[in-house]
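Given the coordinates of chain A, work out where chains B and C should sit on it, guided by the hints.
Protein chains in written order, with this note's numbering: chain A, 1 to 253; chain B, 1 to 301; chain C, 1 to 348.
Keep in mind that the hints are not guaranteed to be accurate.
Here are the simulated lysine-lysine pairs, DSS-like style, with alpha carbons at most 25 Å apart [said to hold, decoys possible]: (1) Lys-116/B <-> Lys-72/B; (2) Lys-141/C <-> Lys-45/C; (3) Lys-72/B <-> Lys-230/A; (4) Lys-142/A <-> Lys-72/B; (5) Lys-72/B <-> Lys-150/B; (6) Lys-211/B <-> Lys-230/B; (7) Lys-248/A <-> Lys-72/B; (8) Lys-344/C <-> Lys-77/B; (9) Lys-179/C <-> Lys-72/B; (10) Lys-150/B <-> Lys-36/A; (11) Lys-72/B <-> Lys-344/C; (12) Lys-77/B <-> Lys-248/A; (13) Lys-141/C <-> Lys-72/B; (14) Lys-230/A <-> Lys-230/B.
Because the hints were derived from the structure by calculation, they are not lab data.
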Amino acid sequence: MFHAIKPGIMNVIEARDLTKRFGHFTAVDAITFNVKKGEIFGFLGANGAGKTTAMRMLCGLSKPTSGAGQVAGFDINKNPERIKENIGYMSQKFALYEDLKVWENLRLFGGIYGIPEKEIGNRIDELLTTLGFKSEKNMMVKSLPLGWKQKLAFSAAIFHEPKIVFLDEPTGGVDPAARRQFWELIYDASDRGITVFVTTHYMDEAEYCNRVSIMVDGRIDALDSPANLKEKYHVQTMDEVFFQLARKAKAKV
Amino acid sequence: MSAISVQNIKRSYGGAEALKGVSFQVEKGEIFGIIGPDGAGKTTLFRILTTLLLADSGVAIVDGSDLVEDYKAIRKKVGYMPGRFSLYQDLSVEENLQVFASVFNTTIEENYHLIKDIYQQIEPFKTRRAGALSGGMKQKLALSCALIHKPVVLFLDEPTTGVDPVSRKELWAMLKKLKNEGITILVSTPYMDEASLCDRIALIQDGAFLKIDTPENIVKAYDENLWAIKSTAMSELLKDLRTHPEVKTSFAFGDTIHITVGNTDPDKLKVFLEEKGHKNIGIRQIKAGIEDCFMQLSQAS
Amino acid sequence: MIILLVLPVLMILMFGFAISTEIKNARFAVYDPSHDLATQKIIDKINSSEYFTLDTYIIDPSQIETVFQKGEIGLVVEFSENFYKNIVQTGEAQILLIADGTDPNTASTLVNYVSRLIAAYQLEQMVLTGKLPYQIDVKVKLLYNPTLKGAYTTVPGVMGLILMLICAMMTSVSIAREKELGTMEVILVSPMPPLLIILSKVIPYFTISIINYLTILALGVYVLDVPVEGSFILLSLLSLLFIFVSLALGLLISSLVRTQMAALLGSVMGLMLPAVLLSGLMFPIENMPLFLQVIAQFIPAKWFIAAVKEVMIMGLGVGSILREMAVLGIMAIVLITLSLRKFKTRLE
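Just chain A, with the same shape it has in the complex (with noise of 0.2 Å):
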């Protein structure tokens, strides 16, 4: 399943043989692809297969052993800190301050990502409302359930509009409901122009992107939209994708 991309757009992560080795062990061996505006990008693997490390050079924390690439428009060996300026970030382990309140969280996102002071109010407010936790402003995040958290966590990470936002498993342990609306969100921002970055372990939220890409110890192994990857090895979900790929690599082993 996809959601439809606007045509003749250009290209806002770039990756050219990306690889980051650490002593003798290859993390993310020399990936290449390239991921569109406004497109949802599933990047899927098994625990271990490479994903963070290869996430955290997109992202600007981590300088590639070799290979070239570049995320919204800046270089990732040259220019990591203007990268940071541009993106979004949310993981599963940290997204927001627990003692700290609703509005105070969006408040200091705000400020670090430099909306101008005048403004950060009203984005809040518009921001709230949208979510519908308006009444809940004042609450502290760690007396909200987890599905809320998970919404305000994705709506602080593209509050300042970044041009890509990496969610690293955002939606683990969330209860199905929940989840779907996170998706939903993830539509929204999409719709706005937001390029998202996902990786995950549900492999039916995969097949919500545009295109997924599959790492297995290191190396992309497939890359294509869902529907292209279930045809190509006849079978019916993505978790069946998953489970050839991994089959074959154990095989090599």
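Below, chains B and C without anything else, positioned relative to chain A:
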């Protein structure tokens, strides 16, 4: 006598109610699944049943021993795999297994046949430090350590969370085999698709059970009209379906959208969507899956 | 939060007011075979200073050592016979200052102060009588540590600190780590009795601390030339007792905390710091205000270090350290009982 018998267990932390009075029975040799999202109370329930936490009220009996009075007896005969990896990271695979074997007054050889299938997959790495294993291998080791003394009841708290799909399948295959040895298994998972691999399941949300039954019965009890719809523009499809007066609920489900409707004519719906500009519309009636049931039950509560 | 703001205040008050290396009201004894005006004047002069308080008049010179062994006297002033007569007739007399060398810092300070007081007396006399100054020949004799080696006090002190560090801190951190990483959770759900779990955590550090004890002792004796005058067996028994106390303390701390960091902080703030400050290792307890002295009595290291000095450097036997051993023994029993009871067999 049931292997596990739980009556009205309640537990709060500070002001928050983690378990609001849950009751259920598990028969000997059953694979019983506790299915629900994070924060539903699964881990609290497991910790209470393994005698690590005291319930505020309620009784439970595990293999004939009372949770509070006979907790020492329970600790001797159950196997426990907590939600996060809790083995000795600085010991090797083999050493960890030896520790647990000796703590339970047995040897690796004695019950090797039980863990053989799983352990053989990590045996090549047996001198590697447990902390250096991948996620899937860690869980296999943890399972082996929990089984090494042939427990009467096995408690597995989210054994497949964060594990790659292949290892997940392998773990479940293992669990099915253990049934034949007469081991009762209580397992929790947030993955709805694993629910159908259990004999019976309890759907849990916010500290309370929504339903307890076999997966088949739960699906049979689903009483709504369920359709799966797709088109070339899924995001718009979702929005448009929600505006339709006869569509009760609509949720994205992978590459289709599941909607519940009353007695609606599918062709009329197709026309409605075509007018909105959708192409390649596919509409078919489907049977509910566990996830559909869960969502219906949790919305209702 | 409170700790971060209040602790510095406490520390400055403690260091500023209470803990000082100055001597005040140090007890001294006098052996005065002359009993004349001059000696009396000198004794008065010393006594009336704020630094000294006269404690005893020694009748028999053989009592001099005993007086030190009792542990309360820091200095004995011994006058030569016919003191006044000698001054008048020959212009010379002798005073022997005998100090307890087991604490070299205190000993030198005491000696210095008294010497100055005696010199001041001489000056006064000169001014008063207009005569040529007397020669009061002040000699110093240091018992137990004739060369005033700092090591004599540091070795027992370090031993106490290290044993406490290894036993209390490492044990508490090790158990807290198991709680933090989750391995404790799994081990609890097993037939292993909690007592065995405790022993398994405690025995490694027990063994290491025995090795440390022997190492420190050996280095002290062979490299730093600190003697072991008393019985090695007695010293070892004493150390064993202290080790038990420290292990129990470590266990107690581990049952109160949930993370390694908290265990570390608790051990450092709650055990090490008081041990360093109030055990008499660096600052003499006698000079602290009463409330600190009272607290010092509850610090196991205080009793241990005092007893070690008596056995190691003074060469005393069991009889003299009965009190210290009794205190440590009671502490051990109380702490072990308490920590065993508090050890959590469940997760909360």
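How the hints compare with the structure:
no.: 1; hint: Lys-116/B <-> Lys-72/B; verdict: violated (28 Å)
no.: 2; hint: Lys-141/C <-> Lys-45/C; verdict: holds (21 Å)
no.: 3; hint: Lys-72/B <-> Lys-230/A; verdict: violated (52 Å)
no.: 4; hint: Lys-142/A <-> Lys-72/B; verdict: violated (36 Å)
no.: 5; hint: Lys-72/B <-> Lys-150/B; verdict: holds (17 Å)
no.: 6; hint: Lys-211/B <-> Lys-230/B; verdict: violated (30 Å)
no.: 7; hint: Lys-248/A <-> Lys-72/B; verdict: violated (47 Å)
no.: 8; hint: Lys-344/C <-> Lys-77/B; verdict: holds (20 Å)
no.: 9; hint: Lys-179/C <-> Lys-72/B; verdict: holds (20 Å)
no.: 10; hint: Lys-150/B <-> Lys-36/A; verdict: violated (54 Å)
no.: 11; hint: Lys-72/B <-> Lys-344/C; verdict: holds (14 Å)
no.: 12; hint: Lys-77/B <-> Lys-248/A; verdict: violated (40 Å)
no.: 13; hint: Lys-141/C <-> Lys-72/B; verdict: violated (67 Å)
no.: 14; hint: Lys-230/A <-> Lys-230/B; verdict: holds (16 Å)
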